[in-house]
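Given the coordinates of chain E, assemble chain B onto it according to the supplied hints.
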Amino acid sequence: MSATTATAHAHTAHEHHELGFVRTYIFSTDHKMIARQFLFLGLIMMVLGGLLALMVRWQLAWPETAVPGMSVFLPETEGILEPSTYNMAFTMHATIMIFFVIMPILAGAFGNFLIPLMIGARDMAFPLLNMLSFWVTAAAGVIMLSGFFVEGGHAAAGWTSYTPLSSVAAYTGVNWGQNLWCISLFIMGIGSMMGSINYITTVINMRAPGMTLFRLPLVIWSLFITAILLLLALPVLTSGVAMLLFDRTLGTSWFLASGGGEPLLWQHLFWYFGHPEVYILILPAMGIASEILPVFARKPIFGYHAMAFSMIAIAFLSWIVYGHHMFVSGMNPSLGMAFMVSTMIIAVPSAIKTFNWLGTLWGGRLQFKVPMLWALGFVSMFVIGGLSGIFMASTPVDIYIQDTYFIVAHIHYVVFGGSIMAAFGAIYYWFPKMFGKMMNPALGHVHFWGTMVFFNMTFFPMHIIGVGGQMRRIYNPMQYEFLQHQQHWNVFMTYGALLLGLMQLPFVINFFWSLFAGRKAPLNPWNATTLEWSAPSPPPHLNWGPTLPTVYRGPYEYSDPEAADDFLPQGQPPARTAARARGH
Amino acid sequence: MLDWWLPENVSTYGRDIDWLFHLIYWITGITAILVFAVMVAFLVMYRDRPGRRARYTHGNTTLEIVWTVVPSLILVVLTFLSAPAWSRIKIQAPPSSDFVLQVTAKQFNWQITYPGADGKFGTADDKTLLDEMHVPANKVVHVRLRSEDVIHSFFVPQFRMKQDAVPGREIVQWFEATKPGKYELPCAELCGFGHSGMKGWIYVHGAEDYQKWAAENLTAAVPGATDDGKAEGPKPAAALAATMGGTTKR
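Just so you know, the sequences run in chain order E and B.
Okay, so the first sequence: first residue is 6 according to our numbering, each after it adds one.
Okay, so the second sequence: first residue is 962 according to our numbering, each after it adds one.
Chain B extracted, bound-state conformation:
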């Protein structure tokens, strides 16, 4: 029953998010308990009994000020505590990195493209994997997020990472995984009848492990071996709909 909680966090900024989550959990939890305690106490103490008249009062200005100012202060503090994490994760330029991947979402797959030896996308040595991403641990990874059709959402629960992929835009996100392992990459935005089950896997390798995997899988790219995705131009919607049924399961 200990698994009633957040999944394990394995990213650098996930710690900040979890800290804020727990802070809000305690603030709201204690507030809820206090409010319910007062309410139950009132319901018992002031239940209708013969011969007692209700207190005739229209309010109390001091109390109104107190219960306006106190929640306001708590919320101001919460805003100031939330701002730096948000700024670091989403607003500021990502920490610099030479590890850049292009992720293109389409109904109902994640296409993960590695730039190859030249470090550029759109060249012959690009390598595209379907629903599978391999990254080294403790390395900042930039993700250039695109969508070919509808809005999808790149969600890695253990990284505390989520970003919608919007057609017509490229959104750059980043993460730094701290622990090798295999993590699920579901789509979190409704994207059609195959939305459920649109998922990939992110393999976080130790540094040496990653080099080994890259040597075996990235350098010896055979054109056409991974046929799905980048080689194909934009497809008309109808053709796309016709092909998507078969690609949902891995």
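Chain E with its partners taken away, still in its complex shape:
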């Protein structure tokens, strides 16, 4: 870093501090502010997504009884969910959780916050595009929410919106709700593309001196790979929803057999996006766990290269497994055979990652602080979610368990037990850097144990009722004689879900209390090695003072016997370089 550029940067830094309220907090181009905006967007939407899930669970446990508090919103039925309202509730639960909670929090908030800070850059490559990315996503969120207020209700064809159910208004009775669903996801797709271009460019071009690709923290590897998947997968979804919207409004018939179209085309487009999407949701979570485990095991990550290459392998393979969602869809069954092979293969890199996380624990000095608990929770729940996937990979077994609650259990172990637990871990871990305050560990422990226990109480029995044959997306299991004997599980799970919801209150309290009244965070509260901990808490605009950090080593140098401390920060010069510098 030459002296002139440093001065120029310091100068810019000074200028930016003069920005008014609007440019600092609303239309900000600072990656850290945009990260906070994405975090708040995701957390607020999580409340809505969670309440929708509780409505669904209430109906499944006590069918056709009034949902407490819902009589305000559904006065004509006195709070009882009708089948169409129920379909809307689970459709929007999944849509919101996937597109407006997990993606904004993991890719949006932590992608934005961590990439520049951990690679030693002052901001994203395209700060203005970054700002647009958030506001476009926020606009998509507003459009999605507006669907709740239109006549006919919101989209009710499932988050997968299979055609022709979704493409002809008369089949669901939903008109503008489904149109707004399409428009919102189209716009969200554009916002996500802006973000992904930015992430890719930043990681490739703006790494600090010495930050080689294989010195990148694994969370940056995961976000980089996620951005590539986003860039390639989201356009397929945006094209698909545009075609769906045209079918609905302009009279085209891409997906309508009676007009010469092909209903299965939608499934191919949707899952060609949808399966990489699953990895978009889980790769950052894997990266976060790989970041937190070494810090609290005081030990280098086990098999750094295996970790990076297994993520690359997952990214490649994610494009050729999507057909496993369609084994019984009417797709050529010979193709099903090919997708079974690729799906079995993609289980291998996930297994490698799990074993390496265990290897990281082996011989460590494990400190069970709150972020560590969430990372361990992530690993253990991901083990269950990953193993249950093997059942579906085997095509003959999938014939039976496709479209049952076994699938619902699997996806929730992966995206809740996996992605959301990692997201909580990330919030507890980076909160001090993000907001400059420490969170309360006692409330954090309560939140973790409550979530862990009631998560399993809610979702584990779904395996059992799925094996018993309960179909997903049914309104009332009691309509089926072969399901009636397991209804007690539905009641049990709903109690679990209500308690799971309740156990999020300690987090809400902790988050806001710490934000305003938390203890001031030191520079490096966890004694971690990565670059973000060398910036002030919270980092100022442009992150570092006049000089950018230089990187001397890999990201996980813990407990090196030759070092005095039990950690060697990436930006700390080696002892002899430092000595030489002093000698001059």
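Any given hint could be a false lead.
As the list claims (entries may be wrong) - Label-pair restraints from in silico Cβ distances:
(1) B:Ala-1085 x E:Thr-70: 42 to 52 angstroms
(2) E:Pro-446 x B:Ile-994: 30 to 40 angstroms
(3) B:Gly-1012 x E:Phe-32: 47 to 57 angstroms
(4) B:Gly-1012 x E:Phe-521: 37 to 47 angstroms
(5) B:Thr-1018 x E:Leu-510: 39 to 49 angstroms
(6) E:Pro-541 x B:Leu-1042: 57 to 67 angstroms
(7) B:Gln-1053 x E:Trp-140: 47 to 57 angstroms
(8) E:Met-462 x B:Leu-1091: 33 to 43 angstroms
(9) E:Phe-314 x B:Ala-993: 24 to 34 angstroms
(10) E:Ile-209 x B:Leu-1034: 35 to 45 angstroms
(11) B:Thr-1180 x E:Glu-81: 44 to 54 angstroms
Treat the hints as calculated values from the structure; they're not laboratory data.
No residue lacks a Cβ here, since even glycine has one placed at the ideal position from N, Cα and C.
What follows is chain B alone, placed relative to chain E:
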């Protein structure tokens, strides 16, 4: 509490599916127990205690190879064990049979059509039943699966049989039931507000029993007695939506 499991299997290929299910159950169950045991052991053994330093290691190539190769081998074996059943159930031509039914799904019913004495569909002696299928046991039944409107899924839990019905296509599936009885036929793919409760019954009769039922119900077909379904042409979507409310309950 013994009913925490798969429903009783009463089809020929269901045995293959159940065998694979149990195999995967044991493999994944044992793997999960081992992983959790190791993890808990590590969490206890390596908890932070004063004066102990963590082991400084970046990994181990031998271990990486072992835990790449072992899961790969297990998954390859699983793939080879799964392939024949999948091939038999879905890829190969069904075992030949003269018992062919046409099943047309529509919001929110299953229309089961018997070809009548001439063995052909679309002729005057066809007989269509609503949400009700009668078949003999120990006989291969071919099902020509169609949909009139949206995607439905023909699911018979006790047969371990599932296949989506796609508008614009006819998909031929087969089953051979091994035990007389009455089995539910739910729709397994979300098909609209009446999806839940869209179900029929499959009656599997003993051979003689079936002949008796067929003699009483199939040969003496009175045109118009079962008015729903085949006589009606394709309906515009709006008209369809208007009529579907009344047909959901039986």
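How the hints compare with the structure:
{"no.": "1", "hint": "B:Ala-1085 x E:Thr-70: 42 to 52 angstroms", "verdict": "holds (49 angstroms)"}
{"no.": "2", "hint": "E:Pro-446 x B:Ile-994: 30 to 40 angstroms", "verdict": "holds (31 angstroms)"}
{"no.": "3", "hint": "B:Gly-1012 x E:Phe-32: 47 to 57 angstroms", "verdict": "holds (53 angstroms)"}
{"no.": "4", "hint": "B:Gly-1012 x E:Phe-521: 37 to 47 angstroms", "verdict": "holds (39 angstroms)"}
{"no.": "5", "hint": "B:Thr-1018 x E:Leu-510: 39 to 49 angstroms", "verdict": "holds (41 angstroms)"}
{"no.": "6", "hint": "E:Pro-541 x B:Leu-1042: 57 to 67 angstroms", "verdict": "holds (58 angstroms)"}
{"no.": "7", "hint": "B:Gln-1053 x E:Trp-140: 47 to 57 angstroms", "verdict": "holds (55 angstroms)"}
{"no.": "8", "hint": "E:Met-462 x B:Leu-1091: 33 to 43 angstroms", "verdict": "holds (41 angstroms)"}
{"no.": "9", "hint": "E:Phe-314 x B:Ala-993: 24 to 34 angstroms", "verdict": "holds (25 angstroms)"}
{"no.": "10", "hint": "E:Ile-209 x B:Leu-1034: 35 to 45 angstroms", "verdict": "holds (37 angstroms)"}
{"no.": "11", "hint": "B:Thr-1180 x E:Glu-81: 44 to 54 angstroms", "verdict": "holds (50 angstroms)"}
Violated hints: none; the structure is consistent with every hint.
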